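A.B. asks: Listed here are the chains, written in short residue letters.
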Amino acid sequence: MTSKKVGGRHLSKLSEFNLLKSFKFLKDGLDYIIRLIVIIIMMITVPLVFIQVLLRFTIGKPFTWAEELTRYLFILLTMITLGPASEAGKLIGIEFVLALLPEQTQKIIKITVKTISIILCILISYYGIQLVILNLKRGQLSPALQLPIWIPYSIIPIGLIILAIYNFFQVCKIIRKESGVEE
Amino acid sequence: MIIVAVFVLSLLLGFPIIMVIAITSFVYIMFQGIPPIVIAQRIFVGMDSFVLLAIPLYILMGNIMTEGGITKKLISWCNLLVGHVRGGLGHVNVLVSIIFAGISGSGSADVSAIGNILIPAMVREGYDREFSTAITAASSCISPIIPPSIIFVIYGVVAEVSISHMFAGGIIPGLIMGGLQMLMVWYLAKRRNYPKREERASLSAIFKGTREAILSLVGPGIILFGILGGIFTPTEAGAVAVVYSLILGLFIYKELNWSKLPHIIWETALTTAAAYFLVGTSMVFAWILAAERIPQIIAQAITSITNNPVIILLLFNLLFLIVGTMMEAISAIIILTPILLPVASTVGIDPIHLGVVMCVNLAVGFITPPVGCCMFIACMVGKITVERFIKAIWPFLLTNIVTILIISLFPKFILWPTTFLK
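In order, the protein sequence lines correspond to chains A and B.
What the first sequence shows, in my numbering, is residues 1 to 183, in sequence order.
What the second sequence shows, in my numbering, is residues 1 to 422, in sequence order.
Be a bit skeptical, because a hint or two may be false.
Said to hold, decoys possible - Interface residues of chain A toward chain B, partial, derived using beta-carbon atoms under 10 Å:
1. 46
2. 88
3. 103
As the list claims (entries may be wrong) - Calculated lysine-lysine pairs in the DSS-like style (CA-CA distance at most 27 Å, straight line):
4. 190(B) with 383(B)
5. 21(A) with 173(A)
6. 190(B) with 90(A)
7. 260(B) with 27(A)
8. 412(B) with 196(B)
9. 383(B) with 90(A)
10. 24(A) with 137(A)
11. 208(B) with 72(B)
12. 137(A) with 21(A)
13. 107(A) with 27(A)
14. 24(A) with 260(B)
15. 177(A) with 107(A)
To be verified - Chain B regions said to be covered by chain A (calculated; three or more residues, Cβ under 8 Å):
16. 36-43
17. 47-61
18. 258-267
It is worth saying that the hints were derived from the structure and are not from the lab.
Because the structure is a prediction, the values reported are computed rather than measured.
Virtual Cβ for every residue (Gly too), placed ideally from N, Cα, C.
Input sequences plus hints: build the corresponding full structure.
C.D. replies: Here you go:
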């Protein structure tokens with residue numbers, strides 16, 4: 001671990017700077033796109049559910065496709081927001097046990113936890129992609145929207161990969177802070 | 001055995017709960033040689049539910065409410081009614097929480113909305129900061145108990161019981177908790193000689209105040225009777241409430257403006273994602289528990305000691321309280337429900353009774369260290385340290401625990417209102 005860090009510091013300052021900069025660029029872009037999609041989804045779904053209530057009272061017959069659409073859109077919203085949610089500290093676990101340990105150990109555990117999480121996300125999304133492929137071959141359609149079912153299924157691996165990317169950013173941040181403290 | 005070890009170890013290492021469940025499931029599935037495709041599919045199926053939509057809607061509603069000026073109207077109305085009793089603003093604090101609970105689905109919205117206005121007001125009138133903060137936090141526990149409630153929705157989804165029945169079951173426990181808190185406020189106010197408003201509000205003043213606050217008061221009514229009367233589903237009620245609070249905030253009280261909305265939506269999405277995905281992973285978890293017959297093993301172990309549902313429920317209470325102090329409520333429900341529900345059914349505890357008792361216990365965990373979310377928000381709003389908070393909160397922890405005992409021993413309080421539902 002230490003040798004890696006030393007190696008990293010031996011890299012020319014310029015290339016390290018560029019790498020960080022492109023990371024930040026990538027993350028900001030991702031953040032922006034996710035925010036935009038989330039706001040659009042909310043702007044569609046909330047009025048839609050409300051209109052459904054109104055329709056049921058007035059005509060007595062709401063749209064058949066609306067319920068399924070809102071369900072899928074919220075799964076999409078959830079999965080793409082997982083990454084930013086983990087960054088914002090919304091994915092909580094039991095943290096007070098960790099807080100009892102010395103700071104250096106905490107950092108190592110945190111990095112390990114994030115790394116395992118990344119691996120897990122990639123593994124589950126790998127099998128998620130297999131699920132998508134399986135359903136692509138079967139050609140099954142969703143009941144109301146008549147949407148090929150592989151499309152909503154593919155939200156799961158996409159979201160988990162985004163989560164893995166965000167976790168990776170967090171690991172970088174912890175490591176960078178650590179090397180900063182040592183200097 | 002390996003599964004249990006993986007579960008406990010990953011929990012203690014501070015993995016997010018969703019990752020704890022994912023790792024445990026993954027290891028289990030690998031050991032059993034089950035195609036791992038199942039995980040992704042179960043997660044999807046777990047989240048693919050219209051009922052769950054209620055959660056983002058309730059969170060959104062709470063966030064809008066916090067910004068939208070409704071709280072102010074409610075507070076001045078409650079002050080008209082009970083401000084003249086000794087410890088008046090303390091009573092106002094509890095009463096507002098009870099009404100606010102009828103539009104808000106979680107405690108944290110309650111603490112920040114009410115605390116930001118009432119804590120400074122109370123300190124100005126001569127209450128000590130600790131008491132003001134403690135009563136704000138304590139009364140916020142009522143929010144997730146009186147419908148609508150996010151944690152009730154989660155329990156309903158995981159336990160596969162009717163959300164409307166859960167909501168109906170929460171009304172009386174919420175009122176008992178509020179009532180006992182007001183008694184405690186009254187007692188402490190007498191002993192510590194807290195201020196009161198000198199003159200009682202005249203009938204005409206109350207009438208005038210009610211007319212001004214009526215729009216804020218109608219909201220909880222629509223939602224409550226809409227859900228319980230079978231007019232709306234809990235999800236639809238969420239949408240109606242969001243639209244209602246948006247209209248009030250944007251056009252009538254004008255405390256909200258369009259430029260605040262993207263931020264509110266984003267905050268809502270962040271909280272939603274965590275809760276939604278937890279429910280998704282919980283389906284994997286429940287499925288493994290069932291496959292390993294873990295609930296049955298635990299049920300056997302417990303029933304070999306005692307068959308008395310009261311004793312078992314009291315033991316559960318102890319477990320819920322301990323878990324509630326360490327774990328956030330949604331995660332706790334997701335982990336505990338599939339394990340304990342089968343046990344409860346074997347000894348004849350009604351699933352609705354178990355659900356409401358569990359949720360009340362976990363709501364009390366909101367205001368206890370080390371992880372109580374309402375405690376932290378309250379301390380931030382009230383500008384006191386957690387240590388000072390703890391010294392002031394214990395009388396209210398006592399009343400909350402008494403509430404738990406009452407509703408555990410007398411299931412009628414929970415189940416009677418559900419008999420009115422179709």
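A.B. asks: The structure should be examined with respect to each hint, and the outcome stated for every one.
C.D. replies: Tested hints:
About 6 Å separates the beta-carbon of residue 46(A) from the nearest beta-carbon of chain B, less than 10 Å, and the hint is met. Because the beta carbon of residue 88(A) sits about 5 Å from the nearest beta carbon in chain B, less than 10 Å, this interface hint is met. Interface restraint check for residue 103(A): the shortest CB-CB distance to chain B comes to about 14 Å, outside 10 Å, so the restraint is violated. Between residue 190(B) and residue 383(B) the CA atoms are separated by roughly 25 Å; this keeps the pair inside 27 Å, and the hint holds.
Between residue 21(A) and residue 173(A) the CA atoms are separated by roughly 13 Å; this keeps the pair inside 27 Å, and the hint holds. Under the criterion of a C-alpha separation no larger than 27 Å, the hint pairing residue 190(B) with residue 90(A) is inconsistent with the structure, at around 42 Å. Note on residue 260(B) and residue 27(A): the hinted pairing holds, with a Cα-Cα distance of about 24 Å set against a maximum of 27 Å. Distance check on the hinted pair: residue 412(B) and residue 196(B) sit about 36 Å apart at the alpha-carbon level, beyond 27 Å; violated.
Proximity of residue 383(B) to residue 90(A) is assessed by CA-CA distance (about 23 Å); at most 27 Å being required, the pair is judged to hold. Distance restraint check for residue 24(A) and residue 137(A): the Cα-Cα separation of roughly 38 Å exceeds the 27 Å cut-off, and the hinted pair is therefore not satisfied. Restraint check for residue 208(B) and residue 72(B): satisfied, since their Cα atoms lie roughly 16 Å apart, inside the 27 Å limit. Proposed proximity of residue 137(A) and residue 21(A) is contradicted: the alpha carbons are some 41 Å apart, above 27 Å.
With a C-alpha separation of about 22 Å, the suggested pair residue 107(A) and residue 27(A) falls inside the 27 Å cut-off, and the hint holds. For the given pair, residue 24(A) sits about 26 Å from residue 260(B) by alpha-carbon distance, which is consistent with the 27 Å threshold. Taken as a hint, the residue 177(A) and residue 107(A) pair is honoured in the structure, with Cα atoms around 10 Å apart against an allowance of 27 Å. Counting residues of the region 36-43 of chain B whose C-beta sits closer than 8 Å to any C-beta of chain A gives 6, which meets the bar of three, so the coverage hint holds.
Evaluation of the coverage hint for the region 47-61 of chain B: fulfilled, as 9 residues show C-beta separations to chain A shorter than 8 Å, against a requirement of three. Taking a C-beta to C-beta cut-off of 8 Å, the region 258-267 of chain B contributes 3 residues in contact with chain A, enough for the three needed, and the coverage statement holds.
In summary, the numbered hints that this structure violates are 3, 6, 8, 10, 12.
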